[in-house]
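Colleague: Chains A and B, in that order, give the protein sequences.
Per UniProt numbering, the very first residue in the first sequence carries number 1; after that it's consecutive.
Per UniProt numbering, the very first residue in the second sequence carries number 1; after that it's consecutive.
Hint data in this document are derived by calculation from the structure and do not stem from the laboratory.
All residues carry an ideal CB built from backbone N, CA and C; glycine is no exception.
Be a bit skeptical, because a hint or two may be false.
Which bits of chain A does chain B cover? Going by a derived footprint, with three or more residues having C-beta under 8 Å, they are [stated by the list, open to error]:
#, stretch
1, 349 to 360
2, 366 to 372
3, 398 to 410
Quick list of simulated restraints, FRET-style, between CB atoms [what the hints assert, rightly or not]:
#, chain 1, residue 1, chain 2, residue 2, range
4, B, D115, A, K191, 53 to 61 Å
5, A, G167, B, S294, 39 to 47 Å
6, A, W201, B, P155, 38 to 46 Å
7, A, A166, B, I15, 43 to 51 Å
8, B, R229, A, F161, 41 to 49 Å
9, A, E269, B, D68, 23 to 31 Å
10, A, K149, B, D243, 35 to 43 Å
11, B, D115, A, E305, 55 to 63 Å
12, B, D203, A, W201, 43 to 51 Å
13, B, D68, A, G202, 22 to 30 Å
14, A, S154, B, D203, 51 to 59 Å
15, A, W201, B, K150, 49 to 57 Å
16, A, G251, B, K150, 49 to 57 Å
Simulated pairs of lysine-lysine, BS3-like, Cα-Cα distance not exceeding 30 Å [stated by the list, open to error]:
#, chain 1, residue 1, chain 2, residue 2
17, B, K327, A, K379
18, A, K184, B, K341
19, A, K191, B, K144
20, A, K370, B, K150
21, A, K370, B, K182
22, A, K191, B, K150
23, A, K300, B, K272
24, B, K48, A, K184
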Amino acid sequence: MGRKLLLDKAHIEGIRHYDVYRREGGYRSVEKALKTMSPEAVTEEVKKSGLRGRGGAGFPTGMKWSFLAKPEGVPRYLVVNADESEPGTFKDRYLMEFIPHLLIEGMITASYALGSNTSYIYIRGEYWWVKEILEVAVQEARNAGWLGKNILGSGFDCDIFVQPGAGAYICGEETALIESLEGKRGNPRIKPPFPAVKGLWGCPTVVNNVETIAAVVPIVNDGGDEYAKIGVGKSTGTKLISACGNLNKPGVYEIEMNISVEEFIYSDEYCGGIANGKRLKACIPGGSSVPILPANLLLKTAKGETRMMNYESLSDGGFATGSMMGSGGFIVMDEDQCVVKHTYTLARFYRHESCGQCSPCREGTGWMEKILLNIENGKGKMSDIDLLWDIQRKIEGNTICPLGDAAAWPVAAAIRHFRDEFEWHVTNPSDALKGNYGLANYAKPLEVAVPTA
Amino acid sequence: MADEKKLFTVTIDNITVEVEPGTTILQAARKVGGDVAPPAMCYYTKLKDSGGKCRTCLVEVAAGSAADPRPMPKLVASCRTNVMDGMVVKNITSDRVIDARNGVVEFLLINHPLDCPICDQAGECHLQDLSYEHGKGASRYEFKRRTFDKHDLGPYIQLHMTRCILCYRCVYTADQVTNERKHGILMRGDHSEIATYIEKSLDNDFIGNVIDVCPVGALTDRTFRFKNRVWFTKPVDAHCNCDKCSGEVQLWMRGDEVLRVTARKDEWGEVKDTTKGETGWICNTCRFERKKASDWVIEGPSHVNRHSVISQGHYENGVKPSETIKKVMGGRDPKLLMNIKDVSEVNQVELSEIKGAATSESFKQLKKGN
Numbered sequence: 001m002g003r004k005l006l007l008d009k010a011h012i013e014g015i016r017h018y019d020v021y022r023r024e025g026g027y028r029s030v031e032k033a034l035k036t037m038s039p040e041a042v043t044e045e046v047k048k049s050g051l052r053g054r055g056g057a058g059f060p061t062g063m064k065w066s067f068l069a070k071p072e073g074v075p076r077y078l079v080v081n082a083d084e085s086e087p088g089t090f091k092d093r094y095l096m097e098f099i100p101h102l103l104i105e106g107m108i109t110a111s112y113a114l115g116s117n118t119s120y121i122y123i124r125g126e127y128w129w130v131k132e133i134l135e136v137a138v139q140e141a142r143n144a145g146w147l148g149k150n151i152l153g154s155g156f157d158c159d160i161f162v163q164p165g166a167g168a169y170i171c172g173e174e175t176a177l178i179e180s181l182e183g184k185r186g187n188p189r190i191k192p193p194f195p196a197v198k199g200l201w202g203c204p205t206v207v208n209n210v211e212t213i214a215a216v217v218p219i220v221n222d223g224g225d226e227y228a229k230i231g232v233g234k235s236t237g238t239k240l241i242s243a244c245g246n247l248n249k250p251g252v253y254e255i256e257m258n259i260s261v262e263e264f265i266y267s268d269e270y271c272g273g274i275a276n277g278k279r280l281k282a283c284i285p286g287g288s289s290v291p292i293l294p295a296n297l298l299l300k301t302a303k304g305e306t307r308m309m310n311y312e313s314l315s316d317g318g319f320a321t322g323s324m325m326g327s328g329g330f331i332v333m334d335e336d337q338c339v340v341k342h343t344y345t346l347a348r349f350y351r352h353e354s355c356g357q358c359s360p361c362r363e364g365t366g367w368m369e370k371i372l373l374n375i376e377n378g379k380g381k382m383s384d385i386d387l388l389w390d391i392q393r394k395i396e397g398n399t400i401c402p403l404g405d406a407a408a409w410p411v412a413a414a415i416r417h418f419r420d421e422f423e424w425h426v427t428n429p430s431d432a433l434k435g436n437y438g439l440a441n442y443a444k445p446l447e448v449a450v451p452t453a
Numbered sequence: 001m002a003d004e005k006k007l008f009t010v011t012i013d014n015i016t017v018e019v020e021p022g023t024t025i026l027q028a029a030r031k032v033g034g035d036v037a038p039p040a041m042c043y044y045t046k047l048k049d050s051g052g053k054c055r056t057c058l059v060e061v062a063a064g065s066a067a068d069p070r071p072m073p074k075l076v077a078s079c080r081t082n083v084m085d086g087m088v089v090k091n092i093t094s095d096r097v098i099d100a101r102n103g104v105v106e107f108l109l110i111n112h113p114l115d116c117p118i119c120d121q122a123g124e125c126h127l128q129d130l131s132y133e134h135g136k137g138a139s140r141y142e143f144k145r146r147t148f149d150k151h152d153l154g155p156y157i158q159l160h161m162t163r164c165i166l167c168y169r170c171v172y173t174a175d176q177v178t179n180e181r182k183h184g185i186l187m188r189g190d191h192s193e194i195a196t197y198i199e200k201s202l203d204n205d206f207i208g209n210v211i212d213v214c215p216v217g218a219l220t221d222r223t224f225r226f227k228n229r230v231w232f233t234k235p236v237d238a239h240c241n242c243d244k245c246s247g248e249v250q251l252w253m254r255g256d257e258v259l260r261v262t263a264r265k266d267e268w269g270e271v272k273d274t275t276k277g278e279t280g281w282i283c284n285t286c287r288f289e290r291k292k293a294s295d296w297v298i299e300g301p302s303h304v305n306r307h308s309v310i311s312q313g314h315y316e317n318g319v320k321p322s323e324t325i326k327k328v329m330g331g332r333d334p335k336l337l338m339n340i341k342d343v344s345e346v347n348q349v350e351l352s353e354i355k356g357a358a359t360s361e362s363f364k365q366l367k368k369g370n
């Protein structure tokens with residue numbers, strides 16, 4: 001059994017409520033930090049742990065905290081990004097729903113380290129019931145004296161507010177989130193200045209993912225060095241993975257960084273293999289915005305080594321042979337799935353969610369969607385595939401925020417690895433129109449020896 | 001002794017220039033001028049926080065600074081990126097930039113018809129210039145374009161969203177110049193549109209400036225629309241005593257008629273500063289209601305770049321030829337044999353008096369009215 005740091009107590013009856021959470025050792029990290037550590041020491045432990053942001057970008061958390069400007073007389077803010085809207089990613093929801101006090105405990109400790117007296121949870125509006133759970137938990141923490149003035153007599157004041165979004169994916173981008181939190185339209189800001197210098201209300205702000213902040217609790221409790229012992233290299237600790245698609249046991253799993261992808265998919269401890277005894281065709285390993293990998297590149301790296309569930313191994317060799325760990329949204333496709341259809345669905349999503357500020361994203365995402373719909377419906381031309389490639393290339397890297405990249409990468413990877421499937425749609429329009437995605441005629445053998453266990 | 005101001009050295013397309021810290025790459029490039037200056041559709045010097053959206057001004061930073069000469073991995077928006085000492089920038093000398101800009105123009109033209117022959121902005125349209133410089137001969141976009149009905153934002157301004165490239169300049173203008181923003185962006189992505197929510201009027205004293213900042217023909221002056229082509233008019237600098245604005249304007253004249261009044265613009269198409277050093281935004285009264293030459297003190301012809309189509313029929317420093325007829329006729333005035341207004345219907349009406357576009361119908365109506 002893999003070690004669990006975040007969800008180890010999630011199964012305990014009533015853990016959602018303060019009394020049970022406290023009885024099970026909750027809020028120890030706040031006590032330890034406020035009574036025995038300086039804010040700098042907490043940050044130092046986070047640095048030692050090697051914790052990387054769990055929202056998708058994987059930036060070292062301790063380093064991000066140390067970038068926070070500390071001008072005199074200006075408030076600083078911690079904002080927790082709970083706007084979990086990436087298709088395939090639903091890990092934070094699980095954590096907040098089942099063990100909300102872990103997040104609140106992590107927030108108080110992190111706020112202490114950052115010198116933030118007011119912290120926010122910006123939660124996806126569709127998670128309305130989770131918002132209610134969080135609000136109850138915040139009130140319980142406030143009643144128990146973990147929030148408010150002079151917590152534990154340390155002189156540190158902290159309060160937490162839960163703010164729901166209105167349902168825009170773009171508000172998961174940190175600067176759009178800040179705009180939305182300020183009551184404005186959730187458009188990304190142009191960086192620099194970064195939020196660490198000029199964020200919420202123009203003040204220094206750290207925006208961290210739910211899982212990242214929750215991980216601060218075991219880091220402070222057990223020490224950064226202990227946390228760093230789990231995993232490998234720059235991928236330390238545990239990671240929540242939300243596995244979905246054609247799996248026997250889809251769900252949210254906490255894995256120790258550096259188990260193999262094969263183990264994650266096929267072992268009974270995790271996903272239990274592909275549903276209905278089908279073969280693995282492809283997988284999007286880190287949320288819908290990261291490049292898809294065909295089965296042969298998913299289980300083995302370009303060098304033929306076993307692909308591991310860590311940042312480096314998953315991104316091996318760049319996008320030609322690798323992908324990203326991203327937010328941990330692990331979307332598995334069996335042999336019956338149509339990559340063209342999936343790519344179209346993603347393109348439609350990103351077109352719908354583009355904020356429309358910058359022209360490559362605004363116009364490019366719509367254009368890609370229309371071409372993909374044509375191909376999917378058997379109305380495509382062979383030249384459309386090259387055109388798609390060119391459009392995604394002109395979006396990538398040229399937009400204000402990463403949504404442009406998020407829209408471009410899935411298209412690029414799908415063409416790179418499954419070009420023949422796109423061509424099949426173009427050359428067999430009648431089958432494509434019937435909804436028979438050509439898989440019976442899709443002759444390319446899956447170049448992977450699928451484990452039977 | 002005053003401290004000597006430290007200047008940053010920046011090299012753009014192999015041309016080195018010294019600028020003050022805090023200068024953007026775009027402004028540094030504009031200091032050099034010519035092709036070195038990247039195009040900008042959404043950036044506007046006088047509007048705080050504008051820029052960074054259209055991505056036409058993307059440049060490659062080949063060296064970040066003298067202290068850290070690493071290149072920046074992505075192209076950056078030159079209008080929102082400050083220079084560092086020793087920075088090396090590639091604009092038209094970078095294939096990546098040319099390729100990206102080519103893509104941006106193609107994206108912008110997806111939902112902007114290049115119908116210059118019938119667009120009121122022809123001759124003054126920044127996107128028209130951009131498409132000539134960086135566009136392709138044909139579009140690869142084969143789907144239906146989005147179209148909108150024209151929308152009158154009150155008596156003076158018309159919005160035609162079909163041409164809008166969502167640069168946000170008008171939104172910033174309304175927000176910052178009028179302090180009364182009644183319009184903004186509705187929807188998102190390629191459904192975005194500039195709107196006043198439920199067809200409201202824009203009637204602030206300074207709202208007319210949104211016309212001046214629009215880089216394309218999306219927001220136009222209803223008192224001038226289709227009265228004339230801009231290259232048939234003569235821009236002259238003029239001023240008046242105005243209690244709302246500086247009164248320093250540009251008149252667009254045909255003969256003695258004032259067809260249009262705008263703020264004065266610089267070589268980048270942005271509103272110039274007034275003689276008092278303030279931004280030369282003008283009020284609605286000056287722009288829309290003072291349409292007689294007698295309302296103004298005319299200073300002289302405006303400077304027009306000779307490469308601009310507006311320079312057609314526009315002469316600066318022209319020498320007025322001396323009147324010779326009287327001289328050769330022994331001091332007598334010539335006898336008028338025929339007044340053209342007596343024989344031509346067209347010349348019997350004043351263009352500026354026509355409400356709306358100057359069509360044959362409007363001529364007839366005006367004639368009936370007479």
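Colleague: Could you run down the list of hints and mark each one as holding or not?
Modeller: Going through the hints against the structure:
no. : hint                        : verdict
1   : 349 to 360                  : holds (count 10)
2   : 366 to 372                  : holds (count 3)
3   : 398 to 410                  : holds (count 3)
4   : B:D115 x A:K191: 53 to 61 Å : violated, 37 Å
5   : A:G167 x B:S294: 39 to 47 Å : violated, 58 Å
6   : A:W201 x B:P155: 38 to 46 Å : holds, 39 Å
7   : A:A166 x B:I15: 43 to 51 Å  : holds, 48 Å
8   : B:R229 x A:F161: 41 to 49 Å : violated, 58 Å
9   : A:E269 x B:D68: 23 to 31 Å  : violated, 47 Å
10  : A:K149 x B:D243: 35 to 43 Å : violated, 54 Å
11  : B:D115 x A:E305: 55 to 63 Å : holds, 58 Å
12  : B:D203 x A:W201: 43 to 51 Å : violated, 32 Å
13  : B:D68 x A:G202: 22 to 30 Å  : holds, 27 Å
14  : A:S154 x B:D203: 51 to 59 Å : holds, 57 Å
15  : A:W201 x B:K150: 49 to 57 Å : violated, 40 Å
16  : A:G251 x B:K150: 49 to 57 Å : holds, 54 Å
17  : B:K327 x A:K379             : violated, 79 Å
18  : A:K184 x B:K341             : violated, 58 Å
19  : A:K191 x B:K144             : violated, 34 Å
20  : A:K370 x B:K150             : holds, 26 Å
21  : A:K370 x B:K182             : violated, 33 Å
22  : A:K191 x B:K150             : violated, 35 Å
23  : A:K300 x B:K272             : violated, 62 Å
24  : B:K48 x A:K184              : holds, 17 Å
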